[in-house]
Each structure stands twice: as structure tokens, then as C-alpha cells.
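Trainee: Listed below, chain by chain, are the residues.
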Amino acid sequence: MQQNKIEFLEEKAKQVRADIICSLASANSGHTGGSLSAADILVALYFEVMNVRPDQPKWPDRDRFVLSKGHAAPALYAVLVHKGYFSRDHLWTLRQAGSILQGHPDMKRTPGVDMSTGSLGQGISAANGMALAGKIDKKDYRVYALLGDGELEEGEVWEAAMTAAHYKLDNLTAFVDHNHLQIDGFITDVKSPEPVDEKFKAFGWNVLCINGHDMNEILEAVEQAKATKGKPTVIIAETVKGKGISFMECQAGWHGVAPNAQQKEQALKELGVEVNV
Amino acid sequence: MSEKIATREAYGLALAEFGAQYENIVVLDADLSKSTKTEEFKKKFPDRFINMGISESDMMATAAGIATTGKIVFASTFAIFAAGRAFEQVRNSIAYPRLNVKIGATHAGITVGEDGGSHQAVEDIALMRAVPNMVVISPADAVESRAAVKAAIEYDGPVYLRFGRLAVPVIYDKDNYVFELGKGVETAPGNDIAIIATGMMVGSALEARQKLSQEGINARVIDIHTIKPIDKDIIIKAAEETGALLTVEEHVVNGGLGGAVAEVLSEYRPTIMKRMGLYDQFGQSGKPGDLLKLYKLTPDDIVDEAKALLQRKP
Ligand SMILES: Cc1ncc(C[n+]2csc(CCOP(=O)(O)OP(=O)(O)O)c2C)c(N)n1
Ligand SMILES: [Mg+2]
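Going down the list, the protein sequences come from chains A and B.
Take 527 as the starting number for the first sequence in this note's numbering and just add one per residue.
Take 180 as the starting number for the second sequence in this note's numbering and just add one per residue.
Hints are computed from structural coordinates only; laboratory data are not their basis.
Note that CB positions come from ideal geometry on N, CA and C, so glycine has one too.
Check each hint, because a few of them may be wrong.
Unchecked claim - Simulated restraints, written as ranges between beta carbons of each label pair: (1) Gly798(A) with Lys486(B): 54 to 62 Å; (2) Pro721(A) with Asp354(B): 29 to 37 Å; (3) Lys475(B) with Trp618(A): 23 to 31 Å; (4) Lys540(A) with Glu442(B): 56 to 64 Å.
As the list claims (entries may be wrong) - The following residues of chain A were derived to be distant from chain B, with all beta-carbon distances above 10 Å: (5) Glu533; (6) Pro586; (7) Glu679; (8) Lys795.
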């Protein structure tokens, strides 16, 4: 049973990666590397962890997700499609005028998007807000957020880290997509946020370090986060930018570039997935 | 008018060019040096380039600190983060003490395109124009951008420079073009109506002027590259000589170029006018060309508005 579940999630992640590739190729612009590094975490959250109702996206008691690294929108959109929030056809309108799928998440246009993001550093504050409201209303929904490791260079992230610990937001779980790259290169070369784990510890968080591409480890960490009372949890997920496509892996150059038709075909071949666009 | 260059490109090249002559220039960026083109400066002068990481507020106040030592500091990021996220650092640490920091804000306006509304600054002119001590410059093409960078270097005080992402036509001749801070440019003559534009909309206004001339309408095109301090004289003269003013900007009409021109007219010479731009709206994702159509900012739209305005002319 457990093994079946993991295989199911891994298969979903593969399909989600294929949809990320195809939607970006059809848009001919967008953020490939950081969408692929986040894919497994998003699949685990939406298909196993979060209590949501795709036919009722604004259900007040739902668990919430904030994509603080909003540029990974294609990963979120692909997951929302597979979850049934809206039809697949929308994926091929990504980033076009009038589309419900904006370049960065837009809660007013896209069913299932809980917060508009895109300006780095702000999403984690908004997630705190949702968690604080949950405490005020004595609701037991949980809030999840996903941050980039370059995003940790924003001072606001650390203001928010202080807020979450001070208000004992144990209903909040943040992931850091620790893929070691930002736009201008390695995070340690541009402006190092390391040691990330020690920083969050010092800020009063429960800190878990995992392989962000291992479904077992992701699910296990979330269970530990749920069981932790009195403080927020951060799951520092070791990831590979561009994960799953050999020629995109660990390449800063694939941050904000979409695959062309030929690169798309090669990527799909590597994934072993056929997509009908 | 065939060659096309993005003004951000001209900005990066100008920094690299003037960096040799002005050894006290220091350039800061916030993980966008490939996009803002400050990497051109970084390649030539790595010791005077500082990547601040994704920390725009920190970058602005750091720039202020560097400027206190007598250096000329250029701090660059997208306009939305320069004027938006770091607004108060710009206001209190740069403008209030009147420090010598130049803010190189790229990716302004809706022609950012596919990244969408979260990344399209459509209110930065209004924000920066409201700040005391701040000079606001919005160049029309690559030639004017280079000249604006030079003028900003030679001016002692805070300057906000607004550049675009999209490649746009080069409209000025680089050997003859003269940039004067605070002075508008009469880019093309005409006495039936004046189209006052800024940024890439100057090129669109020139295209519109051609189309209008085929219908016997002679439109003057005025390029307001310095939005603050604004050139009152060129606006009042246009009002006197044409009697109808159309402003065009890639920005909300409130508080931007249209607002600035309206302020001058209502105080000195009330004249009928129309402001083209965004009307209390955010941008969205799309190809730049599609968005210009959607938000009615193409040369054809300018032609339509010019004709409509002429109908109202007394
Ligand atoms: C406030 C802000 N500054 C700059 C940007 C431009 N930007 C988009 S993605 C990015 C790099 C992000 O790096 P990281 O957080 O590590 O993301 P990932 O590697 O997961 O893609 C930058 C600087 C932005 N979106 N928001
Ligand atoms: Mg990263």
C-alpha cells in the first residue's frame, strides 16, 4: 500500500514535469529550472498531504499553499490541472494575454491559487497571515509555503521567520527549495544565505533537512512537522535545479528560459512521457 | 528608424563606456545583472561591481552609504522593485539626504510582457515624481538613454532612470543628439495638435504622426525625457500654438506624464487634453505587442485619440 502510494506520486511527478515542459514550450518564455526542482514537493503536497476540494477551491477549511517563489508557477499550474481545478487546455494559454494562467500566480484569475505572488519574499509573510487567521478562528487547517534558496536573501523572509516563531505558528510548514542556484549563479557566490538550517534554528524554527526529490522523505518530514507543537517547521529540501532533464540540471542558464520545440521533444523522451498538446 | 535596441541595453553599455572615464562609479545590482545589463559594467570593472543578491531594500540603503564617501552609485533592478519594494529606502536614505545615487530601473511598463502584472511597474513615475529631491528621467531610445546616463553622472544628486525591456526603434541621430536635463525635445514639428510622450511611446507617437499627416493633420511630437523637473515652457508653448494636447505613456495616467502635463496646463494655460496610458488598471501577461493592443497604446490608437481630441478643439 505504502509502496503503491509512492509509485503513484512518482508517476504524477513525471507527468507534471512533462506538462511543465510543454506549457513553457508553448508559452515560449518562463522559468524552467525552478519549476522542475519544485515539482516533487508540490505533487506530494497536493496529492497526499493537503486537505483540499478542487471542486470548491475557496472552501474555508481547506489547507493553504503559498508559492512564495512565484516564478515556479508552471509547476503549480500543472499540479492544479492534474488535481482537477481547471481543464488542461488552459496550460497551452500560459503567459498569453487574457489567460487565467499568468506568468506569476494570480489568485483572482486562477482557481486553486491561494495567494498572488511573484515578488520574492512576500509569500512567506502572507502564509503567516493565513496561519495567524487560523489561530484566531480556532480552525485546524494547515498552511504550506515554498521558498527559493535565493529568495532567502530578501530581508522580509527573516522578518517573517521571526513572526512565525514568535507567534508559535505550528500550523505553518515552509519548504526551502534548496537548489543552490539563483539567476546570477550559485547562491554562495552571489550572496550566501548559508547556513540555512542554522539560521532557521536560531530564529526558533523546527528544522528538517531532506532530499526534496524523495517522496518518502517529503511525506515523513510533513508528518514530523504536523506533530511539532509550539513552533513552525521549515523543511530544507535538497534539490537539483532543472531536475529530471539531463541537459537542464544544475544550469543557471535554465532559470528563466523555456525549451524550444526540439528541446521539448528531447525532454519528453527522457521523461518517457507522451503529452497531447 | 529601422534599428531596434532596448533602452536597458543602452543603459548597460553606457555604464561600461563611462565607467572608464569616471573611476568613482560603483554599480550595484540585485541578482538581475543579466536582465538589467549591468553585467556589461561588471565584465569591464569587476572591482566596482557589487551583486547585492535578492535584497533590493538593502541595496538602496547600501548605495546611499557608498555615496556618502563621494562615489557615484548606480543601483539597478526592475522598476517594480526599485520604486516599489525599496520605495522607503529610496525616499529616506537616498532622496532625503540628497545623496548621489542613480537608480537604474529597467523593465518598466507593460512591455515587460509575459512575466505579467506583478512585474510590470505602471506607477513608478508617479511614486518617484512625488519624492522631493528626486530627478525622474524616462528616455525614448538608445541614443537618449546613453545621453541620460551621462547627464545623470554629471548631475550631483538622486536620479531615477526608467528603462524598458523591449527592443525599440532608435529615433535620434547619435552624432547630433543633445540631451539637456529638464528640457523636453520637440522631436517633430506640427501645429494642429501636440502629442507629448515619454519612453518608448515617443517612437509610437512619431509613427502616429506619419499616419495623421496622410490625413492632413500636422501633429507636433514632444519627447519629455525628464519628467521631473518638467519643462513647463515647451508644454505651455505647445498649448499656445496647437490648442490640443495628447499625452501618451506606458504608465497609469494618474500621477505620471499625463498628470504632470495636466498640472502645468491647469496652472498656467488651461487647454483641452487627453491622457493616454493605463486607466486605474494593472498589466497582465502577454506578448508586448498583444498587450499594447489590449491596453490601446499602439500608433493606431494614438491616431484615433488625436482625431477625437481634435473634434473637441474649440
Ligand atoms: C523581489 C524580487 N526581486 C527579484 C525578482 C526577480 N527574480 C525572479 S526569480 C529570481 C531568482 C530566484 O532564485 P531562487 O529563489 O533560488 O529560485 P529558484 O532557484 O528556485 O528558481 C529573481 C532574482 C523577483 N521576482 N522578486
Ligand atoms: Mg535557487
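Trainee: Now, for every hint given, state plainly whether the structure supports it.
Mentor: Verification of the hints:
Checked against the hint of 54 to 62 Å, the pair Gly798(A) and Lys486(B) passes, with Cβ atoms roughly 59 Å apart. For the pair Pro721(A) and Asp354(B), the beta carbons lie near 55 Å from each other, so the given range of 29 to 37 Å is not met. Remark: the range hint 23 to 31 Å for Lys475(B) to Trp618(A) is upheld by a beta-carbon distance near 27 Å. One distance hint, 56 to 64 Å for the beta-carbon pair Lys540(A) and Glu442(B), holds here, with the actual separation near 59 Å.
The claim that Glu533(A) is not at the interface with chain B holds, since no C-beta of that chain comes within 10 Å of its own (minimum 36 Å). Remark: the non-interface label on Pro586(A) is consistent with the geometry, its nearest Cβ contact in chain B lying 26 Å away (cut-off 10 Å). Non-interface call for Glu679(A) relative to chain B: violated, since the shortest CB-CB distance, roughly 4 Å, does not exceed 10 Å. With a cut of 10 Å on Cβ distances, Lys795(A) stays outside the contact zone with chain B, its closest approach being about 26 Å.
Violation of the numbered hints given earlier is confined to hints 2 and 7; the remaining hints are satisfied by the structure.
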